[in-house]
Amino acid sequence: MDRRSVIKGTGHYVPPRVVANADLEKKMDTSDEWIRQRSGIVTRHHVDPGVNTSDLACEAARRAVEDARIDPASIDFVVAATLSPDHYFPGVGVLVQAKLGLGTIGALDVRNQCSGFIYALAAADQFIRAGTYRRILLVAAEVQSANLDFSDEGRDMAVLFGDGAGAVILEPNDSGDGRGVLSTHLYADGNFASKLWMEKPCPADNPTFQRAFFDEGKFFPRMDGRHVFVNACERMPESVRAALAHNGLSVDDIDALIPHQANDRISQMVAKGLRIPPEKVVRNIDRLGNTTAASIPIALDEAVKDGRIRRGSLVALTAFGSGYTWASALVRW
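Residue numbers for the sequence shown, in this note's numbering: 319 to 651.
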């Protein structure tokens, strides 16, 4: 019988401090209207000083554990996705493991940025299908606000990002009822790495950290917005169609589409490219901004909790981001 990975519980957490577009108007030459028109974002959440990515991850994980109604001691592996770990090294997964008191179980970090949750889901799914682990905590978390360029030069990116975390508990489903992760599909094209990246730090530089790099703003993320927009609008629908074809399904079978919340214009274009009704598309970027790897599990948890996703629903996930990387997954709830 085909074993599948079923999502037992979901949870998310965003820090309490809300940053409205009007707040950003005080820092740079921008406006509420400009931000709304270009991204659809109205508010986002930023951490206060002293709060780490692992702190957000742990809170989301606790909520997922509570939702799954499991003993945390039954978790036997951790997969963590982030582009903003607490430290250059080690990764955030081991910190989550330690803060949650999960013993000496393994912890894997996935660094695929905006596509990180689906890449992490693919890895966790394979571990469960193979019987290597039976209960996996998958958490995606980001603190982007601490390293954004809140100047006129950096406004195109600074207005987009919010902080937050989402988590799921995965376990095997051997019942044959069709529920669980149907398939995952991962893609990349490193030829466009510099179109969306943080150029420094880089170990090719000796020393790696130099005052000139800070003065030149090379430690801030940068993006060729038009190039990213065009590729995201093409690649995400393409990856969803590949997932549907792999499973012998059609767009009409999808009950909920959760795209990475990069930009609401992109989400709308993805829906248009797939010819999927807007009401089937889960969108929360207006309230939360782009939370990078955390955006899909946050939106997933919200959609499950408010009833948009029910048992038996076919859920399509898709993401595009730095690398370039892009991905899709189909989940039968």
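Source of the hints: derived by calculation from the structure; they are not laboratory data. Please note that the accuracy of each hint is not assured.
[Stated by the list, open to error] Restricting the straight-line Cα-Cα distance to at most 16 Å, the calculated cross-link-like pairs of lysine to aspartate or glutamate (EDC-like) are: (1) K344 - D467; (2) K518 - D467; (3) K345 - E471; (4) K345 - D474; (5) K598 - D570; (6) K345 - D467; (7) K326 - D495; (8) K326 - D389; (9) K345 - D470; (10) K590 - E556; (11) K326 - D385; (12) K344 - E534; (13) K326 - E384; (14) K326 - D350; (15) K518 - D492; (16) K623 - D470; (17) K590 - D533.
Bear in mind that the values here come from a model prediction, so they are computed numbers and not experimental data.
Verification of the supplied hints:
Simply put, K344 and D467 have alpha-carbon atoms about 14 Å apart, close enough for the 16 Å limit, and the pair holds. Taking the CA atoms of K518 and D467, the gap is about 14 Å. The hint holds against a cut of 16 Å. Our distance criterion of 16 Å between C-alpha atoms is met by K345 and E471, whose separation comes to about 11 Å. With a CA separation close to 13 Å, the supplied pair K345 and D474 stays within the 16 Å bound.
Distance restraint check for K598 and D570: the Cα-Cα separation of roughly 10 Å lies within the 16 Å cut-off, and the hinted pair is therefore satisfied. For a cut-off of 16 Å, the pair hint linking K345 to D467 stands: about 10 Å separates their Cα positions. Straight-line distance between C-alpha atoms of K326 and D495 comes to about 15 Å, which keeps the hinted pair within the 16 Å bound. Taken as a hint, the K326 and D389 pair is honoured in the structure, with Cα atoms around 12 Å apart against an allowance of 16 Å.
About 8 Å separates the Cα atoms of K345 and D470, which keeps this hinted pair within 16 Å; it holds. Our distance criterion of 16 Å between C-alpha atoms is met by K590 and E556, whose separation comes to about 12 Å. At roughly 8 Å between alpha-carbon atoms, K326 and D385 fall within 16 Å of each other, so this suggested pair holds. A distance of roughly 23 Å separates the Cα atoms of K344 and E534; the hinted pair therefore is violated under the 16 Å criterion.
Our distance criterion of 16 Å between C-alpha atoms is met by K326 and E384, whose separation comes to about 10 Å. Among the hinted pairs, K326 with D350 is inconsistent with the structure: their alpha-carbon atoms are about 39 Å apart, more than 16 Å. Annotation: proposed proximity of K518 to D492 is violated, straight-line Cα distance about 46 Å (limit 16 Å). Proposed proximity of K623 and D470 is contradicted: the alpha carbons are some 39 Å apart, above 16 Å.
About 42 Å separates the Cα atoms of K590 and D533, which puts this hinted pair outside 16 Å; it is violated.
Checked against the numbered hints listed earlier, the structure breaks hints 12, 14, 15, 16, 17; every other hint is satisfied.
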